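These protein sequence lines are chains F and Z, in that order.
The first sequence begins at 1 in the numbering used here and counts up one residue at a time.
The second sequence begins at 321 in the numbering used here and counts up one residue at a time.
If you're looking for bench data, these hints aren't it; they were derived computationally from the structure.
It should be emphasised that the depicted structure is a prediction, and the values quoted were computed from it without experimental measurement.
All residues carry an ideal CB built from backbone N, CA and C; glycine is no exception.
Warning: the hint list may mix true and false statements.
Distance condition first, Cα-Cα at most 30 Å in a straight line; then the derived DSSO-like pairs of lysine-lysine [as the list claims (entries may be wrong)]:
id: 1; chain 1: F; residue 1: K131; chain 2: Z; residue 2: K472
id: 2; chain 1: Z; residue 1: K426; chain 2: F; residue 2: K77
id: 3; chain 1: F; residue 1: K285; chain 2: F; residue 2: K16
id: 4; chain 1: F; residue 1: K189; chain 2: F; residue 2: K111
id: 5; chain 1: Z; residue 1: K426; chain 2: F; residue 2: K131
id: 6; chain 1: F; residue 1: K138; chain 2: Z; residue 2: K426
id: 7; chain 1: F; residue 1: K285; chain 2: F; residue 2: K316
id: 8; chain 1: Z; residue 1: K542; chain 2: F; residue 2: K183
Beyond 10 Å from chain Z on every Cβ pair, some chain F residues (computed) [said to hold, decoys possible]:
id: 9; residue: S167
id: 10; residue: E169
id: 11; residue: T185
id: 12; residue: S265
id: 13; residue: K278
id: 14; residue: G298
One-sided and incomplete, this derived list gives chain F residues near chain Z with beta-carbon spacing under 7 Å [what the hints assert, rightly or not]:
id: 15; residue: S49
id: 16; residue: K53
id: 17; residue: K57
id: 18; residue: N68
id: 19; residue: P104
id: 20; residue: I145
id: 21; residue: I149
id: 22; residue: A238
id: 23; residue: P242
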Amino acid sequence: MSVLIFIDTNEGHVKKASLEVMSYGAKLADQLGTVAEGVALGTVTEDLSALGKYGVKKIHHVNNDVLNHFDAQVYTKVIAQVAEKTGAAVVIFSNNVDGKAIAPRLSARLKAGLVSGAVALPDTANGFTVKKNVFSGKAFANITINTAIKVIALSPNAYQVKTGGGSAEVVPFTTNVEPGKIKVTNVTKASGEVPLTEAEIVVSAGRGMKGPENWGMIEDLAHALHAALACSRPVADAHWRPHNEHVGQTGIAIAPNLYIAIGISGAIQHLAGVNRSKVIVVINKDPEAPFFKAADYGIVGDAFEVVPKFTEAVKKLKGS
Amino acid sequence: MKILVCISKTPDTTAKIAFTDNSTKFDTNGVQWIINPYDEWYALVRAIELKEKDSSAVIHLVNVGSADAEPIIRKALALGGDEAIRVNADSHDSFFVASQIAEVAKQGNYDLVFTGKETIDYNGSSIGGMVAELLDLPYVSLATKFELSETKATITREIEGGEENCEVELPVVVSAQKGMAEQRIPNMRGIMAARTKPLKVVEPTSVTPLTNVSGFGLPPAKAGVKLVSPDNVEELVRLLHEEAKAF
Ligand SMILES: Cc1cc2nc3c(=O)[nH]c(=O)nc-3n(C[C@H](O)[C@H](O)[C@H](O)COP(=O)(O)OP(=O)(O)OC[C@H]3O[C@@H](n4cnc5c(N)ncnc54)[C@H](O)[C@@H]3O)c2cc1C
Ligand SMILES: Nc1ncnc2c1ncn2[C@@H]1O[C@H](COP(=O)(O)O)[C@@H](O)[C@H]1O
Chain F
1 MSVLIFIDTN
11 EGHVKKASLE
21 VMSYGAKLAD
31 QLGTVAEGVA
41 LGTVTEDLSA
51 LGKYGVKKIH
61 HVNNDVLNHF
71 DAQVYTKVIA
81 QVAEKTGAAV
91 VIFSNNVDGK
101 AIAPRLSARL
111 KAGLVSGAVA
121 LPDTANGFTV
131 KKNVFSGKAF
141 ANITINTAIK
151 VIALSPNAYQ
161 VKTGGGSAEV
171 VPFTTNVEPG
181 KIKVTNVTKA
191 SGEVPLTEAE
201 IVVSAGRGMK
211 GPENWGMIED
221 LAHALHAALA
231 CSRPVADAHW
241 RPHNEHVGQT
251 GIAIAPNLYI
261 AIGISGAIQH
271 LAGVNRSKVI
281 VVINKDPEAP
291 FFKAADYGIV
301 GDAFEVVPKF
311 TEAVKKLKGS
Chain Z
321 MKILVCISKT
331 PDTTAKIAFT
341 DNSTKFDTNG
351 VQWIINPYDE
361 WYALVRAIEL
371 KEKDSSAVIH
381 LVNVGSADAE
391 PIIRKALALG
401 GDEAIRVNAD
411 SHDSFFVASQ
421 IAEVAKQGNY
431 DLVFTGKETI
441 DYNGSSIGGM
451 VAELLDLPYV
461 SLATKFELSE
471 TKATITREIE
481 GGEENCEVEL
491 PVVVSAQKGM
501 AEQRIPNMRG
511 IMAARTKPLK
521 VVEPTSVTPL
531 TNVSGFGLPP
541 AKAGVKLVSP
551 DNVEELVRLL
561 HEEAKAF
């Protein structure tokens, strides 16, 4: 028996979300009195054994060129084989883009109950119950998994990365891998920016900014904080900002440590995507803006005056 | 060309979220039900656009739900579905729901299965992947663009911090999100036509759910906002740094 963790990589590098999943999996393994193992697919340029510091004892590495392209169907088959061979009792993913594609497939393949978007360690005192977000962050549900094998997809930013000592034993895992049916023709990365779903800090702005020409000050603040950018839906709909920055009920749901909302009224559909942020700061000239009810800190004032001062104060604090 | 669009029923986005029966059931009192926005605005409308380009295409809708889902199914028919299948079962277990959809998909021999990115109540983002696995088909998740030429689909999908273009031969399962299409409003003709479109009710195949909901809860309320003067932005930065330890 073991807890098996999918180590998600991007161009050979282990994603931050996977560090969270390893920390979570190691803790769960402790709780179940077993060991945490990892599975990594394709070429990995980092030293896998160093991941032992996140608590994984052994990493099964399937180093096959076919796996250098992500394909949920192919990945699922390989992970299922590793899970069967290692007698995994729980298989854990990040509920990131890749995890959302593989975890459900693996669940169906192994007939193993799935909880996606988990936000806490399972309660194993009496059965196996996992807390997850529902109603777009407005509530949570406790889901009991009734199968011998369990699959969990952990929400990004829901579990703190923990490091200790130790190194992992890396063992090659060989299997026949057929190429997938999906052919990737082009990949476009938003260059140099922090991916929104992985960001610790997010600077977001809405219709209060009046027009796309005023986003320079928003970008400056994001830059000073090393933050990702986001926006409200009307801003994306009006093409002031790209669609992939739209957060909320119908956009991306995020849970950063710090969410700074500038010139956003705080409609319920907007809050649905950001209400799991640990700290919320609201800058709005209208003291009645509903967002203040969901905020931890706020400034009632004109964004055009406050934001440049905010950036200056951050730079000063960081000594740059 | 046969397209299957998975349609789920969710509370309106402004619905008050509360629970009853010792926090084991969602309180449906006063709740307005809608078609899950991702299913309606993106998956269904894109399917309708494909049909507008290729008049031989047919669009079937599938819903796994009880009879009270019929108004939203009729609305989806009014928007442009040709016929609907309701699998008469109520379940929160994704595997159970996916198994029912996979069964319908097998029998109908579809070239394309569309789901929404996720339901806004359960937030599983799981049904599409499960259906694909049960049918042993490729699955393109979180698609923002979908084009078709003959039997080849060209799809743009979200990846971490960017997007990816890919090609795949039909049949395929695709989950749709913003970008795929623009929201439409049903017109009078569509609403009239929907009344007579077939809505078939089938009984579920026997599948054991893998999970069950043991309870719900609400997140703890915020302590209240701490306001800082606009003339003292440095104080806000200090609080964020020292008190909230946000950076
Ligand atoms: C089904 C459905 C789904 C939706 N999904 C989403 C979603 O996913 N995400 C989303 O964001 N919205 C969503 N919406 C829209 C949502 O209801 C709101 O309309 C939207 O969030 C409002 O955007 P906003 O706050 O930028 O603009 P507004 O509501 O116009 O607010 C602008 C704010 O800026 C403030 N302001 C103006 N000038 C200044 C200034 N100089 N300095 C400081 N503050 C200023 C104003 O006081 C105001 O509070 C959805 C709506 C529906 C019906
Ligand atoms: N009961 C249901 N009936 C039909 N389709 C569904 C049902 N539940 C979910 N779906 C589809 O699966 C998608 C993802 O749902 P979920 O995995 O629950 O987030 C939805 O956007 C729908 O397209």
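We went through each hint and held it up to the structure:
For the suggested pair K131 of chain F and K472 of chain Z, the alpha carbons sit about 40 Å apart, so the restraint of at most 30 Å is broken. Proposed proximity of K426 of chain Z and K77 of chain F is supported: the alpha carbons are some 21 Å apart, at most 30 Å. A distance of roughly 36 Å separates the Cα atoms of K285 of chain F and K16 of chain F; the hinted pair therefore is violated under the 30 Å criterion. Pair hint K189 of chain F plus K111 of chain F does not hold up; C-alpha atoms about 35 Å apart against a cutoff of 30 Å.
Pair hint K426 of chain Z plus K131 of chain F does not hold up; C-alpha atoms about 33 Å apart against a cutoff of 30 Å. Using a Cα cut-off of 30 Å, the hinted pair K138 of chain F and K426 of chain Z is violated, with the two alpha carbons roughly 36 Å apart. The hinted pair formed by K285 of chain F and K316 of chain F meets the criterion: a straight-line CA distance of about 25 Å does not exceed 30 Å. Restraint check for K542 of chain Z and K183 of chain F: the C-alpha separation of about 47 Å exceeds 30 Å, so the hint is violated.
The claim that S167 of chain F is not at the interface with chain Z holds, since no C-beta of that chain comes within 10 Å of its own (minimum 27 Å). For E169 of chain F, the condition that its CB be more than 10 Å from all CB atoms of chain Z holds, with the nearest at approximately 28 Å. Residue placement check: T185 of chain F does not keep its beta carbon more than 10 Å from all beta carbons of chain Z (closest about 5 Å). For S265 of chain F, the condition that its CB be more than 10 Å from all CB atoms of chain Z holds, with the nearest at approximately 14 Å.
With a minimum CB-CB distance of about 8 Å to chain Z, K278 of chain F fails to clear the 10 Å threshold, and the non-interface call is violated. Listed as outside the interface, G298 of chain F is inconsistent with that label: its C-beta sits roughly 5 Å from the nearest C-beta of chain Z, within the 10 Å cut-off. Contact between S49 of chain F and chain Z, as hinted, is not supported at the beta carbon level, the nearest pair being about 25 Å apart and thus beyond 7 Å. Checking K53 of chain F against chain Z: minimum C-beta separation of about 23 Å lies over 7 Å; hint violated.
Here the hint on K57 of chain F is broken, as its CB sits about 27 Å from the closest CB of chain Z, past 7 Å. Taken as an interface hint, N68 of chain F does not check out: its beta carbon lies about 14 Å from the nearest beta carbon of chain Z, beyond 7 Å. Here the hint on P104 of chain F is kept, as its CB sits about 3 Å from the closest CB of chain Z, short of 7 Å. Against a cut-off of 7 Å between C-beta atoms, the interface hint on I145 of chain F holds, since the closest Cβ of chain Z lies about 5 Å away.
This hint is violated: I149 of chain F has a C-beta 10 Å from the nearest C-beta of chain Z, more than the 7 Å allowed. With a cut of 7 Å, the hint placing A238 of chain F at the interface with chain Z is violated, because the nearest CB-to-CB distance is about 13 Å. Annotation: interface hint on P242 of chain F violated; nearest CB of chain Z at approximately 10 Å, more than 7 Å.
In this structure, the earlier hints numbered 1, 3, 4, 5, 6, 8, 11, 13, 14, 15, 16, 17, 18, 21, 22, 23 are contradicted, and the remaining ones agree with it.
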